[in-house]
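Engineer: Listed below are the residues making up each chain.
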Amino acid sequence: MSVLVYTESEEGTFKKIAFEAVSYAKGIADMLGTSVTAISINGNNTDQLGKYGASKVLQVSNDQLQSFNASAYADTIAQAAKSEASPVVIISSSANSKYLAPLLAVNMEAGFVPNVTELPTSTSPFKISSTVFSNKAFATTEITTETKLIGLAKNAFGVLENETSIAIEDFAPSLSESDFNTKVSSVEKANDKVTIADADIVVSAGRGLKGPENWGMIEELAEILGAATACSKPVSDLGWRPHGEHVGQTGKPVSSNLYIAIGISGAIQHLAGVNSSKVKVVINNDPEAPFFKAADYGIVGDAFEFVPQLIEKLKEFKSNNA
Amino acid sequence: MKILVCISHVPDTTSRINFTEGNSKFDANGVQFVINPNDEFGLTRAMWFKEKQGATVHVINVGGPETEPTLRKALAIGADEAIRVNTPATDGFYVAKQLANVAKEGGYDLVIGGRESIDYNGGMVPGMIAKLTGANFVNMCVNIEVEGTNVTAAREIDGGNEIINTSLPLVVAGQKGIVEESDLRIPNMRGIMQARSKPLTVKEPIDTNIETKITGFSKPDSKGAVKLVDNIDELINLLHNEAKVI
Ligand SMILES: Cc1cc2nc3c(=O)[nH]c(=O)nc-3n(C[C@H](O)[C@H](O)[C@H](O)COP(=O)(O)OP(=O)(O)OC[C@H]3O[C@@H](n4cnc5c(N)ncnc54)[C@H](O)[C@@H]3O)c2cc1C
Ligand SMILES: Nc1ncnc2c1ncn2[C@@H]1O[C@H](COP(=O)(O)O)[C@@H](O)[C@H]1O
Numbered sequence: 001m002s003v004l005v006y007t008e009s010e011e012g013t014f015k016k017i018a019f020e021a022v023s024y025a026k027g028i029a030d031m032l033g034t035s036v037t038a039i040s041i042n043g044n045n046t047d048q049l050g051k052y053g054a055s056k057v058l059q060v061s062n063d064q065l066q067s068f069n070a071s072a073y074a075d076t077i078a079q080a081a082k083s084e085a086s087p088v089v090i091i092s093s094s095a096n097s098k099y100l101a102p103l104l105a106v107n108m109e110a111g112f113v114p115n116v117t118e119l120p121t122s123t124s125p126f127k128i129s130s131t132v133f134s135n136k137a138f139a140t141t142e143i144t145t146e147t148k149l150i151g152l153a154k155n156a157f158g159v160l161e162n163e164t165s166i167a168i169e170d171f172a173p174s175l176s177e178s179d180f181n182t183k184v185s186s187v188e189k190a191n192d193k194v195t196i197a198d199a200d201i202v203v204s205a206g207r208g209l210k211g212p213e214n215w216g217m218i219e220e221l222a223e224i225l226g227a228a229t230a231c232s233k234p235v236s237d238l239g240w241r242p243h244g245e246h247v248g249q250t251g252k253p254v255s256s257n258l259y260i261a262i263g264i265s266g267a268i269q270h271l272a273g274v275n276s277s278k279v280k281v282v283i284n285n286d287p288e289a290p291f292f293k294a295a296d297y298g299i300v301g302d303a304f305e306f307v308p309q310l311i312e313k314l315k316e317f318k319s320n321n322a
Numbered sequence: 001m002k003i004l005v006c007i008s009h010v011p012d013t014t015s016r017i018n019f020t021e022g023n024s025k026f027d028a029n030g031v032q033f034v035i036n037p038n039d040e041f042g043l044t045r046a047m048w049f050k051e052k053q054g055a056t057v058h059v060i061n062v063g064g065p066e067t068e069p070t071l072r073k074a075l076a077i078g079a080d081e082a083i084r085v086n087t088p089a090t091d092g093f094y095v096a097k098q099l100a101n102v103a104k105e106g107g108y109d110l111v112i113g114g115r116e117s118i119d120y121n122g123g124m125v126p127g128m129i130a131k132l133t134g135a136n137f138v139n140m141c142v143n144i145e146v147e148g149t150n151v152t153a154a155r156e157i158d159g160g161n162e163i164i165n166t167s168l169p170l171v172v173a174g175q176k177g178i179v180e181e182s183d184l185r186i187p188n189m190r191g192i193m194q195a196r197s198k199p200l201t202v203k204e205p206i207d208t209n210i211e212t213k214i215t216g217f218s219k220p221d222s223k224g225a226v227k228l229v230d231n232i233d234e235l236i237n238l239l240h241n242e243a244k245v246i
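As you go down the protein sequences, you meet chains S and A in turn.
Per my numbering, the very first residue in the first sequence carries number 1; after that it's consecutive.
Per my numbering, the very first residue in the second sequence carries number 1; after that it's consecutive.
Since the hints were made in silico from the structure, they are not lab data.
Keep in mind the model is a prediction, meaning the values are calculated, not measured.
Note that the Cβ used here is the ideal one computed from N, Cα and C, for glycine as well.
Keep in mind that a hint or two might mislead.
[To be verified] Straight line, CA to CA, 20 Å or less: simulated EDC-like cross-link-like pairs of lysine to aspartate or glutamate:
(1) A/Lys-198 <-> A/Glu-81
(2) S/Lys-16 <-> A/Asp-158
(3) S/Lys-183 <-> A/Asp-158
(4) A/Lys-213 <-> S/Asp-200
(5) A/Lys-52 <-> A/Asp-80
(6) S/Lys-315 <-> A/Asp-233
(7) S/Lys-278 <-> A/Glu-242
(8) A/Lys-219 <-> S/Glu-10
(9) S/Lys-189 <-> S/Glu-305
(10) S/Lys-210 <-> S/Glu-142
(11) S/Lys-313 <-> A/Glu-242
(12) S/Lys-313 <-> A/Asp-233
[Claimed, not checked] Here's a subset of chain A near chain S, in silico, CB distances under 8 Å, partners left out:
(13) Met-128
(14) Asn-143
(15) Val-146
(16) Asp-158
(17) Gly-159
(18) Glu-162
(19) Lys-219
(20) Val-226
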């Protein structure tokens, strides 16, 4: 018996969320008095998972699973959970994990709680808290099934080191043809850009910037910080920025360490999608803008004055702290 | 083609969220309920299938009688029939089993749900229906075309889209992109009148396990006041030394 954690990788390299998921799994395993087994699908250097508390890795090396396939990945994880007799299975909240989660839950007949930010409040009965109502509230849920599936929110628990000696085993899932009934024929991806999902820092701007021609400074700021760029809904509706940048309740969720909102008023639907970011900075020339109530740090001032200053000073800061 | 659109009945996006009965229940007092935004995109796409490819469109909700105005609104937008499974929607898995049962019995080719409901944010119901009925599944669907039983769909991924080839029977979880906001329809008078005489069938739930149960709600601690600064040096200093995020 062990807690199973799905550790996501892209082109063989583990994502930061994989380390966070292992750290979290270790927390639950300690509560249950058991150990952590990680399952990796075509990840390289799996021994590094020991650093965060995994004592075993089930390593899948399979060419058919080279590109993500929700059904086949869910079957693989379910089979691993069965062979480990795992009472709890942990996944992340990436787009891929969200795709496979419901399939996996049905496959394992597991009660599923997504958007979890903390360790369970008790393990018998198994009770766990998660965010609901678009980050406006928390719910405590009791899971009554034998196997429990937990989706960990990003950046909520953190990456914790917990050096553990690790055993690596090969694991070969048995997959069926029907697992491949949905096929990816092509991918359109903006290369070399940090994605909102992966970013630790997100620089976001709203209608206060007046027009698309003023986004040069936003991109420059993002580049200095290694951040992703995002925008409010009206900005993408107006076509100033691509739809993929729209964040908020009806757009992409943001759960970064730092969220910088420039010329965004802070409407309830915007906040609902970005509120789970750790630290929020607002630059807005209206001291009454609702975003100030939700922010940690604020500058009441003109974006066209302060953003260029921020860029210059951050360049200095980066060269002094390199 | 027979299409079933899953409609979640949710508090309007501007709603203040409160709880009653010792923080065990959502307080619906004074709250305006709407069609879940992601489902409204899917419903509109279904209308296009109806108009361009002659599909029949049924809408379904799992919930109490209070959700019927939301289903009537979907009928007014143009759905042909509505179904309500008469049981409170408490657990996503339970809801999915109810929906899967109707989807199977009704022989639907395409089931359209939303990426997530804006109340419970489970993001689980459509995928579960797919697995329970043995249908294919596309999550975070931003485009779908059907020809015969062949399907071409697009899924939003981190930083882009991927194009997926699959086939009916299929479940998709839609979001903005499957149609645009400007494509959404406001019911007109004629639609509202017609909706009154369209069938709304109430079905009793099937008996099945409940996997999870919400035992209580809470609200986040109110935040400390914002720290206002008036120069950039101070801001950088705070972000570096206090918040430790740069
Ligand atoms: C069903 C529904 C769903 C929605 N979903 C979303 C969503 O997911 N995401 C989202 O973002 N919105 C969403 N909205 C829209 C939301 O209600 C707001 O309209 C929107 O967030 C406002 O965008 P904004 O802050 O960019 O623009 P505005 O509200 O126009 O705010 C612009 C801000 O810029 C400031 N400003 C102006 N000039 C300057 C300057 N020179 N320097 C600094 N600041 C300046 C102003 O003081 C103002 O606060 C939704 C609305 C509905 C009805
Ligand atoms: N009670 C319900 N009745 C009908 N459809 C639902 C219900 N709950 C969820 N759905 C569908 O499932 C989608 C995802 O919901 P959720 O898994 O709760 O995030 C929604 O957008 C709806 O399409």
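Engineer: Does A/Glu-242 lie within 20 Å of S/Lys-313 when you go C-alpha to C-alpha?
Structural biologist: 18 Å, holds
Engineer: For the pair supplied as a hint, S/Lys-315 and A/Asp-233, is the alpha-carbon distance within the 20 Å limit?
Structural biologist: Roughly 12 Å separates the two Cα atoms, so the pair holds.
Engineer: Between the alpha carbons of A/Lys-52 and A/Asp-80, is the straight-line distance 20 Å or under?
Structural biologist: Holds. A/Lys-52 to A/Asp-80 sits at ~15 Å (cutoff 20 Å).
Engineer: Was the hint right that A/Glu-162 lines chain S, CB cutoff 8 Å?
Structural biologist: 5 Å, holds
Engineer: Given the proposed pairing of S/Lys-278 with A/Glu-242, does the C-alpha separation stay at or below 20 Å?
Structural biologist: The given pair, whose Cα atoms are some 13 Å apart, holds under the 20 Å limit.
Engineer: Does S/Lys-189 pair with S/Glu-305 here, judged by a C-alpha cut-off of 20 Å?
Structural biologist: Between S/Lys-189 and S/Glu-305 the Cα gap is close to 33 Å, so the pair fails against 20 Å, i.e. violated.
Engineer: Within a Cα-Cα threshold of 20 Å, do S/Lys-16 and A/Asp-158 meet the stated pairing?
Structural biologist: 14 Å, holds
Engineer: Is A/Lys-219 within 20 Å of S/Glu-10, Cα to Cα?
Structural biologist: Distance of about 36 Å is beyond 20 Å: violated.
Engineer: Given the proposed pairing of S/Lys-183 with A/Asp-158, does the C-alpha separation stay at or below 20 Å?
Structural biologist: 18 Å, holds
Engineer: Within 20 Å, alpha carbon to alpha carbon, are A/Lys-198 and A/Glu-81?
Structural biologist: 6 Å, holds
Engineer: How about A/Lys-219: closest beta carbon in chain S under 8 Å, or not?
Structural biologist: Where the cut-off is 8 Å and the nearest Cβ of chain S is about 5 Å from A/Lys-219, the hint holds.
Engineer: Against chain S, with CB atoms and a cut of 8 Å, does the hint on A/Val-146 hold up?
Structural biologist: 14 Å, violated
Violated hints, listed in ascending order, are 4, 8, 9, 10, 14 and 15; each of the other numbered hints is respected by the structure.
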